[in-house]
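Starting from the given sequences, assemble the full structure and let the hints guide the process.
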Amino acid sequence: MSLVTPLNRVLGLGSAKEGVEHWWGQRLSAVALVVLGLWFVLALIRLEDMSYASVVDWLQAPVASILMILSLLTAIYHSKLGVQMVVEDYVHQPALKVSTLVLSVFIHIAAAVAGVFAVLKIALGAVG
Amino acid sequence: MDRVERPLSPHLQVYRPQITSVLSIVHRATGVGLSAGLVVLVYWLVALASGSAAYDAAAAILGSGWLKFCYAGWSFCFFYHLANGIRHLMWDIGLGFEMKQINASGWLVLIVASIATVAFLFAAIL
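Chains A and B, in that order, give the protein sequences.
Under the working numbering, the residues of the first sequence are numbered 1 to 128, in order.
Under the working numbering, the residues of the second sequence are numbered 129 to 254, in order.
Hint data in this document are derived by calculation from the structure and do not stem from the laboratory.
Think of the CB as a built atom: it goes at the ideal place given N, C-alpha and C, for glycine as much as any other residue.
Hints should not be assumed to be uniformly reliable.
[Unchecked claim] Just so you have them, the derived chain B footprint on chain A, three or more residues with Cβ under 8 Å: (1) 27 to 39; (2) 54 to 66; (3) 82 to 96; (4) 112 to 118.
Following this line, the structure appears as structure tokens:
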């Protein structure tokens with residue numbers, strides 16, 4: 001049962017426009033990142049070195065590339081929410097705030113697509 | 129959208145920094161730092177996907193002196209944001225709101241994050 005009044009729905013759900021989804025998204029991605037982040041850090045430690053051969057060899061294992069994609073997307077999503085909060089808190093001039101938020105969303109989406117593409121390319125063996 | 133500049137009570141000039149407020153802003157700062165680090169991470173991945181020649185060229189840039197300093201910084205950002213993030217999640221379930229607990233968990237976060245950072249850098253460099 002939604003507690004939002006009809007007027008509020010029309011006016012965009014209050015001053016923050018809509019917040020609960022943001023709140024949940026940040027918490028859920030945070031919980032996932034506790035595990036995924038630690039996995040990534042441990043994986044980095046276990047790499048012999050940062051040479052091309054070592055890293056590609058690591059990422060070509062299906063589990064590694066799957067976890068890498070999950071970690072990347074979760075972190076980027078969490079980052080998008082966090083940056084949004086920071087911009088909303090400190091940038092008040094409407095045109096600057098909106099354009100900064102839009103830029104942030106675009107950069108995060110671009111990073112997600114680039115990252116997933118890169119991991120897939122490595123994992124599917126299509127690198128030289 | 130203020131049409132009139134209204135006066136604000138002083139805050140940063142008068143409030144004594146406390147474990148609560150300092151850890152909170154550091155949590156935000158480390159978060160922003162990690163967001164920047166994500167971009168570098170994606171750059172690294174794309175370099176890998178571009179083949180060994182491209183990667184070696186990128187690795188030369190990524191291994192340069194001042195970036196090494198950034199890696200240490202990002203390591204601390206990660207472990208601090210992780211530890212304090214868990215502290216936040218505890219609060220979200222409703223735990224740890226007594227002042228004593230807030231102070232204790234705050235110090236614990238600083239200690240754990242510092243030790244984890246040093247341990248990680250040590251393990252990674254060896």
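Hints and how they fare:
1. Counting residues of the region 27 to 39 of chain A whose beta-carbon sits less than 8 Å from any beta-carbon of chain B gives 7, enough to reach three: the coverage restraint holds.
2. Given a C-beta distance limit of less than 8 Å, the hint that chain B covers the region 54 to 66 of chain A holds, as 3 residues qualify and 3 suffice.
3. Coverage of the region 82 to 96 of chain A by chain B holds in this model, with 5 residues showing a Cβ closer than 8 Å to a Cβ of that chain against a need of three.
4. With 4 residues having a Cβ less than 8 Å from any Cβ of chain B, the region 112 to 118 of chain A passes the three-residue criterion, so the hint holds.
The structure agrees with every numbered hint stated previously.
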